[in-house]
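**Q** This is what each chain is made of:
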Amino acid sequence: MNKTEFFAALRSKLDRLPKHEVDQSISFYDEIIADRMEEGMSEQQAIEALGSLEAITEQIYAEIPPIPKALGKANTGSRSLNIVLLALLSPVWIPLVLALLCCVALTYLCLWLFIITLWLVVGLLILCAPLGIAGLIWFSTRGFTLSGVWVLGISLSAAGIGLFAFLAVYKISRVLMRTSSLLSGWLKRLFTRERMGQIPLNKAANCDTKEA
Amino acid sequence: MDAQMKRGFLEVCVLASLKGQDSYGYQIIKDVPRILQITESTLYPLLKRLEASGFLRVYSVEHNGRLRKYYRITDEGIAYITGFLHEQDEVISLYDYIKRGVGRE
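Protein sequences appear in the order of chains A and B. Quick note, in my numbering, the first sequence goes up one by one and the last residue is 212. Quick note, in my numbering, the second sequence goes up one by one and the last residue is 105.
So here's chain A without its partners, still in its complex pose (with noise of 0.2 angstroms):
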């Protein structure tokens, strides 16, 4: 198989992806074929040094994000038909995403107000303190003392309640935000390629041995 061949076979492989992943991929192989007949391979022999069709051609699917890989299997390969369906799907596809917008937003939305009213609960919890003791202040003015005190106790009661209530709330809200932190990298990996962060010790451990 000369190299017009390999490559033809390559973009029939890889022809439902985006054009311009498919050209960055080629022109790579392209370039290494050469630098191997530079340093005196033949032609043949610099193809068949690159491995496999199939390895190549998973290698690249594999790192291509789900909704671009999805997208490119819907790719009819002619641009303006392309955009004929999508018109013409539109009444489809328009309401579908917006209806998955909406499921993602009230997500968010949900997680963040169940975070906020646990918050405002134990604030209003511990505000008893102050509105005990303002209570207490009020009643003996007018002679219950008695009743002031009543009211004092069960505020104190409230507050310390609260004040448990605190370190529990704390720690939920710690599990749901990073709930909503995971939900955000997820979403976002359904998009973009993996990008690497910080190297755990483990970092080898989490890979697949799908490339081995």
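Quick caveat, the hints were computed from the structure, so don't treat them as lab data. Be a bit skeptical, because a hint or two may be false.
What the hints assert, rightly or not - In silico EDC-like links for lysine to aspartate or glutamate, alpha-carbon gap of 16 angstroms or less:
| hint | chain 1 | residue 1 | chain 2 | residue 2 |
| --- | --- | --- | --- | --- |
| 1 | B | Lys30 | A | Asp23 |
| 2 | B | Lys48 | A | Asp23 |
| 3 | B | Lys30 | A | Glu31 |
| 4 | A | Lys13 | A | Glu54 |
| 5 | B | Lys69 | A | Glu31 |
| 6 | B | Lys30 | A | Glu39 |
| 7 | B | Lys69 | A | Asp23 |
Stated by the list, open to error - Below, a sample of chain A positions facing chain B; criterion: calculated Cβ distance under 8 angstroms:
| hint | residue |
| --- | --- |
| 8 | Ala34 |
| 9 | Arg36 |
| 10 | Gln59 |
| 11 | Leu120 |
Stated by the list, open to error - Computed footprint of chain A on chain B, listed as stretches where at least three residues anywhere in the stretch have a Cβ under 8 angstroms from a Cβ of chain A:
| hint | region |
| --- | --- |
| 12 | 24 to 32 |
| 13 | 39 to 46 |
The beta-carbon is built from N, C-alpha and C at its ideal position, and this holds for glycine as well.
Please arrange chain B on chain A, whose structure you already have, making use of the hints.
**A** Frame of chain A; chain B shown alone:
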């Protein structure tokens, strides 16, 4: 070498091959330690990932009438290598443990 361990080292080794000077695809394949058995099909997506993460930049240079893509490491890439090397003591202590065991007999 175990496939998972290989994967962990591949990215940082590719970056390390760029540390001293810029390099290009075929040269990187030759420079990266043989034991990692890097091939074009592993290198290509890896370079894309490193570029997406901002650890290297790509630029083109004319060579013998064709365009050759060169890769240059960025500051973030160097920081990534440094972070990886900081783990060295932990890794060595793990290997010590594997050699010695808990040593309770």
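**Q** Tell me, in ascending order, the numbers of any earlier hints that this structure violates.
**A** 1 and 11
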